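**Q** Please take these sequences and the hints and turn them into a complete structure.
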Amino acid sequence: MPAGTLYRGREGMWSWVAHRVTGVLIFFFLFAHVLDTALVRVSPQAYDSVIETYKTWIVNLMEYGLTAAILFHALNGLRLVAVDFWSKGAKFQKQMLWSVVGVWVVLLAGAFYPILQHTLRTWFG
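Numbered by this note's numbering, the letters in the sequence shown go through residues 8 to 132 in order.
Bear in mind the hints are in silico, worked out from the structure with no lab data behind them. All of these numbers come straight from a predicted model, not from anything done at the bench. Beta carbons are placed, not taken as given, at the ideal position from N, Cα and C, and that holds for glycine. Check the hints yourself; a few may be wrong.
[To be verified] Cβ pair distances, simulated, as ranges: (1) F34 x A118: 39 to 49 angstroms; (2) A81 x R128: 27 to 37 angstroms; (3) W105 x Y71: 16 to 26 angstroms; (4) A118 x W21: 21 to 31 angstroms; (5) G132 x S94: 29 to 39 angstroms; (6) W105 x P51: 45 to 55 angstroms.
[Claimed, not checked] Simulated crosslink set (EDC-like; lysine to aspartate or glutamate; CA at most 16 angstroms straight-line): (7) K62 x D43; (8) K101 x D43; (9) K98 x D43.
**A** Structure, rendered in structure tokens:
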């Protein structure tokens with residue numbers, strides 16, 4: 008690493024990257040959601056056809072990924088608010104990030120079966 012660079016490659020940088028990536032993923036989901044919902048006014052049959060394609064295991068896994076993205080983005084956003092507005096936020100930003108990751112993992116574990124139950128039943132009976 009060249010002297011004088013700000014790049015550190017530590018937790019703060021990776022949370023910054025993950026926050027932006029999850030934000031972009033959520034944006035594209037919302038864009039697709041608006042388009043497919045608008046399709047109902049153009050052609051109800053086409054809308055029904057599109058919705059039918061969403062009932063596959065691949066899309067179900069993508070729904071779980073969307074849940075992961077939304078949860079991380081929301082929890083990390085709360086951490087960023089604390090870093091910005093709490094006088095000791097910058098000092099404890101690393102500990103808060105690991106707390107966010109812990110809560111995120113617990114929430115994702117709790118969402119696993121409710122979201123993926125259809126796919127799991129299809130695969131394993």
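**Q** It remains to establish, for every hint, whether it holds in the given structure.
**A** Verification of the hints:
Taken as a hint, the range 39 to 49 angstroms is violated for the pair F34 and A118, whose Cβ atoms sit roughly 21 angstroms apart. Restraint check, A81 to R128: a C-beta distance of roughly 29 angstroms satisfies the suggested window 27 to 37 angstroms. Take W105 and Y71: their Cβ atoms lie about 23 angstroms apart, and the range 16 to 26 angstroms holds. Take A118 and W21: their Cβ atoms lie about 23 angstroms apart, and the range 21 to 31 angstroms holds.
Hint check: G132 to S94, Cβ distance near 56 angstroms, so the stated range 29 to 39 angstroms is violated. A beta carbon spacing of about 48 angstroms between W105 and P51 agrees with the range 45 to 55 angstroms that was offered as a hint. The hinted pair formed by K62 and D43 meets the criterion: a straight-line CA distance of about 14 angstroms does not exceed 16 angstroms. A C-alpha spacing of about 40 angstroms is found between K101 and D43, which places the hinted pair above 16 angstroms, so the restraint is violated.
The hinted pair formed by K98 and D43 fails the criterion: a straight-line CA distance of about 45 angstroms is larger than 16 angstroms.
In terms of the numbered hints stated before, the structure departs from hints 1, 5, 8, 9, listed from lowest to highest.
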